[in-house]
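Trainee: Go by the hints and put chains B, C and D with the ligands onto chain A.
Protein chains: 4
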Amino acid sequence: MDKLIITAAMVGAEVTREAQPNLPITPDEIAQAARECREAGASICHLHVRNDDGTPTQSRDRFQETIARIREATDIIIQVSTGGAVGMTPEERLQPVSLRPEMATLTCGTVNFGEDVFWNGPRELKAFAKALKVHGVRPEFEIFDAGMIANALQLADMELVEPPFHFDFVLGVPGGLPATPKNVLYLTELLPPGATWSVAGVGRHQLPMAALAVTLGGHVRVGFEDNIFYRKGELAVSNAQLVERVVRIARELDRPIATPDEARRMLGIPR
Amino acid sequence: MDKLIITAAMVGAEVTREAQPNLPITPDEIAQAARECREAGASICHLHVRNDDGTPTQSRDRFQETIARIREATDIIIQVSTGGAVGMTPEERLQPVSLRPEMATLTCGTVNFGEDVFWNGPRELKAFAKALKVHGVRPEFEIFDAGMIANALQLADMELVEPPFHFDFVLGVPGGLPATPKNVLYLTELLPPGATWSVAGVGRHQLPMAALAVTLGGHVRVGFEDNIFYRKGELAVSNAQLVERVVRIARELDRPIATPDEARRMLGIPR
Amino acid sequence: MDKLIITAAMVGAEVTREAQPNLPITPDEIAQAARECREAGASICHLHVRNDDGTPTQSRDRFQETIARIREATDIIIQVSTGGAVGMTPEERLQPVSLRPEMATLTCGTVNFGEDVFWNGPRELKAFAKALKVHGVRPEFEIFDAGMIANALQLADMELVEPPFHFDFVLGVPGGLPATPKNVLYLTELLPPGATWSVAGVGRHQLPMAALAVTLGGHVRVGFEDNIFYRKGELAVSNAQLVERVVRIARELDRPIATPDEARRMLGIPR
Amino acid sequence: MDKLIITAAMVGAEVTREAQPNLPITPDEIAQAARECREAGASICHLHVRNDDGTPTQSRDRFQETIARIREATDIIIQVSTGGAVGMTPEERLQPVSLRPEMATLTCGTVNFGEDVFWNGPRELKAFAKALKVHGVRPEFEIFDAGMIANALQLADMELVEPPFHFDFVLGVPGGLPATPKNVLYLTELLPPGATWSVAGVGRHQLPMAALAVTLGGHVRVGFEDNIFYRKGELAVSNAQLVERVVRIARELDRPIATPDEARRMLGIPR
Ligand SMILES: [Mg+2]
Ligand SMILES: [Mg+2]
Ligand SMILES: [Zn+2]
Ligand SMILES: [Zn+2]
Ligand SMILES: [Zn+2]
Ligand SMILES: [Zn+2]
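Protein chains in written order, with this note's numbering: chain A, 376 to 646; chain B, 376 to 646; chain C, 376 to 646; chain D, 376 to 646.
Chain A extracted, bound-state conformation (with noise of 0.2 Å):
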């Protein structure tokens, strides 16, 4: 079985400091939100940036500082997301991928999402999918229901993105697959061979999910975006106390825990 690699989804675009308290926000809070992750295990930081008040923005500016301070904090791969907020356009989502950050995400399709609809229509998947080639930056498909890796394959077809191929199957969005066992299995058998593939769990999902990403070999993905919980009724202290329990349960399992440039190696990132 593979090495475990853990990503840390450490802010997101919709939790707020009045839910979860220890929320990084501004760009030196976020790298050393990293920082202890990478510490506690995490090999990926899944990034979104707030303005100074707490609100989204996918600002190439603050990408731009943000990175830097993660940078000289640790060697975690840096992923950028291009889903940004719902409601920005997908210029505005776009911006930091010239950056040309290590990774950045892409959510192969449009689903509802909430009470709002995640948007990345046809034209858009494929521009994202050029944007990123152009800048030489490793796709992670998001997926949010099954349909969409039949769109991240036909990506693969067009010669839009290149394997080996890294999904992320983010499940228990209203609007989008709930977080079931049975889900990902199936998911993981509509995968072409070779491909990696993680698990973000929303909400109380994330742990049964990733114990079971890590029982079949898959990844797994955990942080204040997805969910802000430790337990029930009990707030998480810090995205690395996330990270933390997941490591332990690898650890039960004798599952070795990926460095970043472990990473690097299995998800075809050049370093």
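No lab work stands behind these hints, which were simulated from the structure alone. The structure presented is a predicted model; accordingly, all values stated were derived computationally and were not measured. Nothing false has been slipped in among the hints.
Treat identical chains as interchangeable: a pair holds within one or across any two.
As a list, the in silico DSSO-like pairs of lysine-lysine whose alpha-carbon atoms are at most 27 Å apart:
(1) K607 <-> K557
(2) K607 <-> K378
(3) K378 <-> K557
Mentor: Chains B, C and D with the ligands only, in chain A's frame:
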């Protein structure tokens, strides 16, 4: 195994007479096609209407006239589309519902659809379900991807829809879930107890998906909306021709065909 | 999709002429039935033989005579049973293999079988595989339960059998795996790449399992060994009648029927 | 999710002290191991007994003495094996049932088992079920292959067993179903509503199967009968050590551990 309900999707919004010379367009043509399909074994006609020039419309008047003609011609169940054509507004698409047809489709979410996006956001989804309820119209849940089943069940939790529930899996649309036997079986396993389901395979998938549904105890949708060929390279001569083949397959398998009244009882449509 | 291989299991070890008056028993009757099945579309006959009084036997002489008659009558592939009748010794069951027929069955384990136990223990399994190999006979792996596929693959690991591998799922025997679509799909997903498979549904499951296999790209076994009825309450008039129905279903689905020589190529049988 | 029932299979019939120096053999040793496992979190001990020389026996006296010692030591549920060792007669294997233990295993069929065959033919299966019923012993259905679930359900149809039903999937025995997540999920989907299940992975599969069961809401069997190692190359120091690890995993996942009395309620064992 239940008697087989065959739905004839005779018109759609996208097929042209250039592509399929036998496409029914006028109210009279559609009514005649409905009668032929009924005689061949269909118990539901899934109804779109067209302007005289062949362009798609959701005009209440045009639906009213077409429904009147069908009613004169045959006792088939009339199921109006609320999907309309991609790009239409929700209000436009909802127009035929106030005519109180026996059934209407309710597409359970938003999804990439060829080069476009089919939109039923969370708000529209609830609004459409309410409109159907207000007018006493039975919904058929249109499922383009696996997560849409959860959306339908959420409407049930909100008591915006009432059992028995009937689902139609539309498989093979680029952007949605591919038309594979594995996907069909998987979708059926996500349904609540007592639900019925049919499958509409797009293009060359229409026939194998239909045969699979006959075998599994599901129901079948065929017609020009989803597929214009009888076999590779050979255009179908009529919608009824596609229905007839499904009937022959069902007969070989000793599965009886439901009449419209039998289908009404199975689907909870009062008569 | 591959051309359809239909296997006629015309005789079996348990059916009596009291139960099915059209059961072929003598070498001549069996040869005539084989010719009829071949003309109807079968490319393999799965062969058991009987004594003149109708009791089952694995007698080498009786097999030799019967095979000679079949060879005079038709070019169908002859697949001898090594299962024989429940209660026979392994040595008894193996007798026809030394006649070097083109194929023989190899049941991949031990399983409850009605009120008896069908026995191919680990030792017998290896011995049978070796005997087939020594005599140049191509195996068909008979699978009564899911774990038997792993047993077959273990024979492959030991190089006692050689690809291409062909499996036959015998479903619906009390004691073995039930004949459900879910089970068929599941079994196919356990097969190695490049393997072919057929399904033999027992009793009333013969027809739906056959239709499912036609649809899924598998192959089909029908005949009196597994089922004596044409439909509920109506005895079949001949084995060929059961083959003919499968052929009609395949034709409706535009799936061509394999000739014996085409089947030989697909199954790796030298000619 | 139900509280977690951990079964300690401490002895088995095949493990030797040469292979695992900490194997409990005498009644006192077994009772002490049961107490340690109970303290670690096990609520059931799956019981085999041995002669003083370590050879397996189903002797009623030896069971009686061992059960008495366990009863003095702890309140753990005692589940006697009726599988015994391969090669024992059915009568031999059934002996401990007349001691009226709270539970006994009931292997639901016949299957290749390593280089041997484990035999519970249709007759034995019914006879064993009746014996358990007569003595008021709750069965645990031992499932080595998928078809065995259907056999268990047939016993239920004959009213030889009564709900609630508890299944144990023993996976990874050569000859039976391999220990894969897909197989576990599949087996759970064949169970009747209300059934509970545990999984016993053999050898190196014990740990991943246990973690999977904890995650899926199933229950867990660990112990020297199925696996003697703590991790690759490192023998376990005690059965309790294997239980402790499962408990730690469950705690990380916030899944509470069932006490013996809680397990009795879940399994329908009167106290
Ligand atoms: Mg979708
Ligand atoms: Mg078996
Ligand atoms: Zn994000
Ligand atoms: Zn439509
Ligand atoms: Zn046979
Ligand atoms: Zn045991």
